[in-house]
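*Asks:* Each chain is listed here by its residues.
Number of protein chains: 2
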Amino acid sequence: MSTEIDKSKVVLYSYWRSSCSWRVRIALAYKKIKYEYHAIHLLKDGGQQKTDEYAHINPMKAIPALIIDGHIIGQSLAIMEYLEEYRPENPLLPKDLYARAIVRQMMQIIGSDIQPLQNLKVLQTVAEFTGQEEKKAEWAKRWIANGFNGLEKLLEKHSGQFCYGDQVSFADLCLPAQVYNANRFNVDMSHYPLIQKINKHLATIPEFIEALPSNQPDAEVQC
Amino acid sequence: MSTEIDKSKVVLYSYWRSSCSWRVRIALAYKKIKYEYHAIHLLKDGGQQKTDEYAHINPMKAIPALIIDGHIIGQSLAIMEYLEEYRPENPLLPKDLYARAIVRQMMQIIGSDIQPLQNLKVLQTVAEFTGQEEKKAEWAKRWIANGFNGLEKLLEKHSGQFCYGDQVSFADLCLPAQVYNANRFNVDMSHYPLIQKINKHLATIPEFIEALPSNQPDAEVQC
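Sequence lines, in order, name chains A and B. Sequential numbering from 602 applies to the first sequence in the numbering used here. Sequential numbering from 602 applies to the second sequence in the numbering used here.
Be a bit skeptical, because a hint or two may be false.
Some but not every residue of chain B turned toward chain A, in silico, with C-beta under 7 Å [said to hold, decoys possible]: (1) Pro660; (2) Gly675; (3) Leu678; (4) Ala679; (5) Ala702; (6) Pro717; (7) Leu721.
If the Cβ cut is set under 8 Å, some of the chain A residues that face chain B in the computed set are [as the list claims (entries may be wrong)]: (8) Tyr655; (9) Pro660; (10) Met661; (11) Gln676; (12) Leu678; (13) Arg705; (14) Ile710; (15) Pro717; (16) Leu718; (17) Val723; (18) Gln725; (19) Val727.
No wet-lab data here; the hints were simulated from the structure. Here the structure is a predicted model, which is why all the values come from computation and not from measurement. Note that CB positions come from ideal geometry on N, CA and C, so glycine has one too.
Could you put together the complete structure from these sequences and hints?
*Replies:* Okay, structure coming up:
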């Protein structure tokens with residue numbers, strides 16, 4: 602990567618299996634924004650996101666980051682909000698203010714209370730602190746279950762075909778990656794019938810299929 | 602707490618020292634919204650947020666939650682976005698779309714990448730998993746430093762008197778509680794001159810003073 606950043610194109614810095622990149626890929630598909638895919642391998646070379654060159658793109662040394670409109674934006678939820686404001690067609694937030702609040706409440710449950718607690722670098726730190734590799738799965742499982750318990754209750758009140766009623770929203774964009782990780786860590790999904798039902802439905806939608814890890818140029822195996 | 606929830610008033614469920622309640626208190630002060638303060642003690646009675654009664658307010662069994670406009674909303678960042686949309690006077694987001702994205706990027710660094718990793722229940726779990734109480738501070742310190750490293754770089758590009766230019770924003774609302782915790786866990790703040798400078802300025806502003814833990818009805822000691 603050169604230190605000269607070309608801001609004339611739309612570029613997504615992504616890793617095929619990253620939950621946060623996955624959300625943004627779905628948003629870009631809904632907004633029909635074509636982009637160049639720039640793979641950042643989170644494990645190769647000790648983590649390509651940790652280079653000084655990449656830190657110019659995202660000082661958090663994390664993915665995703667999006668170059669768009671001559672700007673660079675980091676943090677998946679901030680990118681999603683930008684895309685919604687920048688291109689309101691195919692809305693991913695309802696119009697009603699209270700409905701928007703509930704969608705954001707669901708999105709933040711996954712985005713603040715689940716995903717950050719079980720991402721790669723946190724699990725590596727759990728292993729380091731405990732000296733036990735097998736503690737990683739126990740840790741991840743606990744926080745996913747904790748968040749899904751709350752989310753399922755909100756879905757009982759508000760869901761339809763999608764997390765909020767019958768319109769796709771930011772909340773849905775966060776779901777597939779989190780369910781994927783829940784299965785990976787053997788969370789008992791029978792406690793979450795609505796999460797399962799909605800996620801099954803999402804898996805049939807073209808924009809969600811396009812954004813799947815296995816459909817990315819840097820995919821290593823089918824998942 | 603009765604199971605009948607009175608939705609006719611504005612009520613904030615809060616704990617004086619909670620970082621996420623603190624952010625929302627500042628937002629309410631800026632929006633000049635008067636509210637009833639309902640204290641939820643995170644430690645007393647094994648944690649008052651864990652009761653079945655409170656789970657009707659917030660199924661995540663976490664604070665803050667806000668009753669407003671006949672609705673209940675949880676997750677601090679979702680509440681803040683609602684308040685901004687519901688009452689646009691005294692704006693806490695800039696008008697320019699890219700500026701809004703950077704404010705949200707900064708807000709999410711604290712709200713997703715720092716605070717959730719060092720809150721009470723996560724630190725309790727670190728002690729449980731390691732069997733060592735003293736690991737809590739080491740864990741918290743690492744994640745605060747990791748997030749502040751990225752945030753300080755963004756501030757170098759975008760800050761003025763406040764995190765983004767010379768207008769107070771969501772990013773500033775998240776800062777005081779995080780700096781308070783950084784000091785509590787002995788993070789070396791000399792690496793973060795801009796965070797320190799902005800936080801000092803924020804400490805002089807009436808809305809920020811009003812929201813301080815020590816100024817809440819459930820405050821136990823001065824902090």
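*Asks:* Less than 8 Å between beta-carbons is the criterion; does A/Gln725 satisfy it with respect to chain B?
*Replies:* Not OK, violated: A/Gln725 not within 8 Å of chain B, min 12 Å.
*Asks:* Using the nearest Cβ pair, does A/Gln676 come within less than 8 Å of chain B?
*Replies:* Interface hint status for A/Gln676: holds (4 Å vs cutoff 8 Å).
*Asks:* Tell me if A/Tyr655 is really an interface residue toward chain B, meaning its C-beta lies closer than 8 Å to one of theirs.
*Replies:* 12 Å, violated
*Asks:* Under the criterion of a CB-CB separation shorter than 8 Å, is A/Leu718 in contact with chain B as hinted?
*Replies:* 6 Å, holds
*Asks:* Next item in the hint list is B/Gly675. Is there a CB on chain A closer than 7 Å to its CB?
*Replies:* It holds, given that the least Cβ distance between B/Gly675 and chain A is near 5 Å, below 7 Å.
*Asks:* Please verify that hint: A/Pro660, Cβ, nearest Cβ of chain B, below 8 Å or not.
*Replies:* This interface hint holds because 3 Å falls under the 8 Å limit.
*Asks:* Using the nearest Cβ pair, does A/Val723 come within less than 8 Å of chain B?
*Replies:* Nearest chain B Cβ about 7 Å off; hint holds.
*Asks:* Closer than 8 Å between Cβ atoms is the bar; does A/Leu678 clear it against chain B? Give me holds or violated.
*Replies:* 5 Å, holds
*Asks:* Classify the hint on B/Leu721 as holds or violated, based on whether any CB of chain A lies nearer than 7 Å to its CB.
*Replies:* Violated - the Cβ of B/Leu721 stays beyond 7 Å from chain A, reaching only about 13 Å at its closest.
*Asks:* At a threshold of 8 Å, is the proposed contact between A/Val727 and chain B supported by beta-carbon distances?
*Replies:* 7 Å, holds
*Asks:* With chain B as the partner, please determine if A/Met661 meets the hint condition of a C-beta pair closer than 8 Å.
*Replies:* 4 Å, holds
*Asks:* Hold the hint about A/Arg705 up to the distance rule: shortest CB distance to chain B must be less than 8 Å.
*Replies:* A/Arg705 check passes; min Cβ-Cβ to chain B is 4 Å, inside 8 Å.
In terms of the numbered hints stated before, the structure departs from hints 7, 8, 18, listed from lowest to highest.
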